[in-house]
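So you can see what is in the structure, the chains are spelled out below.
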Amino acid sequence: MLFFRSEERVREWCLKRGLPVRPLVTLDQLWGLAHAWYSTRLEANARRPQPDEMRRIFAGLGLTGAFWDPQADKF
Amino acid sequence: MEGVSGGAAGDGGVSEATPELRVKLAVYRHFADSGLAPSVAEIAARTGTGVGEVRQTYARLRAQRVLVLEADGESIRMAPPFSGVPTQHRLTSDGVTYYANCAWDAFGIPAALHRPAVLHSRCDASQEPLELAISAQGPPSSDWFFHCAVPATKWWNDIVFT
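Taken in order, these protein sequences are the chains called A and B.
Here the first sequence stands for residues 1 to 75, where the numbers follow this note's numbering.
Here the second sequence stands for residues 1 to 162, where the numbers follow this note's numbering.
To be clear, the hints were calculated from the coordinates, so they are not data collected in a lab.
What you are looking at is a predicted structure, and each value in this text was computed from that prediction instead of being measured.
Where a beta carbon is used, it is the ideal one built from N, C-alpha and C, also for glycine.
Some hints here could point you the wrong way.
[Stated by the list, open to error] Derived, one-sided and incomplete: chain B residues facing chain A with beta-carbon distance under 10 Å:
{"id": "1", "residue": "K24"}
{"id": "2", "residue": "V66"}
{"id": "3", "residue": "C123"}
{"id": "4", "residue": "A133"}
{"id": "5", "residue": "Q137"}
{"id": "6", "residue": "P139"}
{"id": "7", "residue": "A152"}
[Unchecked claim] Just the calculated beta-carbon pair ranges, DEER-fashion:
{"id": "8", "chain 1": "B", "residue 1": "A45", "chain 2": "A", "residue 2": "P51", "range": "32 to 40 Å"}
{"id": "9", "chain 1": "A", "residue 1": "E8", "chain 2": "B", "residue 2": "E74", "range": "17 to 25 Å"}
{"id": "10", "chain 1": "A", "residue 1": "S39", "chain 2": "B", "residue 2": "S141", "range": "17 to 25 Å"}
{"id": "11", "chain 1": "A", "residue 1": "V21", "chain 2": "B", "residue 2": "H120", "range": "20 to 28 Å"}
{"id": "12", "chain 1": "B", "residue 1": "H114", "chain 2": "A", "residue 2": "A66", "range": "29 to 37 Å"}
{"id": "13", "chain 1": "A", "residue 1": "S39", "chain 2": "B", "residue 2": "A63", "range": "31 to 39 Å"}
{"id": "14", "chain 1": "A", "residue 1": "P20", "chain 2": "B", "residue 2": "G48", "range": "48 to 56 Å"}
{"id": "15", "chain 1": "B", "residue 1": "P140", "chain 2": "A", "residue 2": "R17", "range": "42 to 50 Å"}
{"id": "16", "chain 1": "A", "residue 1": "P51", "chain 2": "B", "residue 2": "Q127", "range": "29 to 37 Å"}
Using the sequences and the accompanying hints, generate a full structural model.
Dropping the structure here:
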């Protein structure tokens, strides 16, 4: 889970390692993920999102498809 | 405890909490206050429990994927979003230095603290520096990207690599 300056840099990084290019995420989308996961992390009632909740969070940010499915059997 | 709300005892119910919850909150409060991983002795003192009990609780929290421990079973490698070891994702907030486990967690630290932070990281391909002043409402407009090589279903197969 890394930062990249551009889509071209992502492609370079993946090619060098023989890895497929995965969906690109904007920093606004990343903030949505970080806020959903961690905004209550210091509180007594904090808990990690469960699979159904994860799917809703991803879909709400426009992140859809098997890559984002925590229970996908494709991968 | 700061950051804990609700509860008849006025402490978010922490005084009646399970050992796992008391230890987890103490670990996270230590990271939030100092940016550093606490020792087992510090958590034992903070929670009023024995060092051995804290180690046993750490093992349960590891099984619940709350903590990632080093091989010694007591050094905290990760209490997401906080990292117990220096990484390429460094943040400063209110004079405290923090390290994040990954790019996602780099945004997770200001989200968890509910206060602004300055992020110092880099493009992993070109090594170009990334510096972002993140407010409590999020990052400024940016054309950088986040990329994750591992699909969600495999994130915890090797969380350090992920």
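Hints, verified against the model:
1. K24: Holds: closest Cβ of chain A sits about 8 Å from B/K24, inside 10 Å.
2. V66: OK, holds: B/V66 within 10 Å of chain A, min 8 Å.
3. C123: holds (4 Å)
4. A133: Since the shortest Cβ distance to chain A is 12 Å, the answer is violated.
5. Q137: Because about 9 Å separates B/Q137 from the closest Cβ in chain A, which is inside the 10 Å limit, the hint holds.
6. P139: holds (5 Å)
7. A152: Hint on B/A152: holds, closest Cβ of chain A at ~5 Å, below 10 Å.
8. B/A45 / A/P51: 32 to 40 Å: Given about 37 Å between the Cβ atoms, the range holds.
9. A/E8 / B/E74: 17 to 25 Å: The hinted range 17 to 25 Å is violated for A/E8 and B/E74, with Cβ atoms some 44 Å apart.
10. A/S39 / B/S141: 17 to 25 Å: holds (21 Å)
11. A/V21 / B/H120: 20 to 28 Å: holds (26 Å)
12. B/H114 / A/A66: 29 to 37 Å: The hinted range 29 to 37 Å holds for B/H114 and A/A66, with Cβ atoms some 34 Å apart.
13. A/S39 / B/A63: 31 to 39 Å: Cβ of A/S39 to Cβ of B/A63: about 25 Å, so the range 31 to 39 Å is violated.
14. A/P20 / B/G48: 48 to 56 Å: For A/P20 and B/G48 the Cβ distance comes to about 50 Å; the hint holds.
15. B/P140 / A/R17: 42 to 50 Å: Once the Cβ atoms are compared, 30 Å apart, the range 42 to 50 Å for A/R17 and B/P140 is violated.
16. A/P51 / B/Q127: 29 to 37 Å: holds (36 Å)
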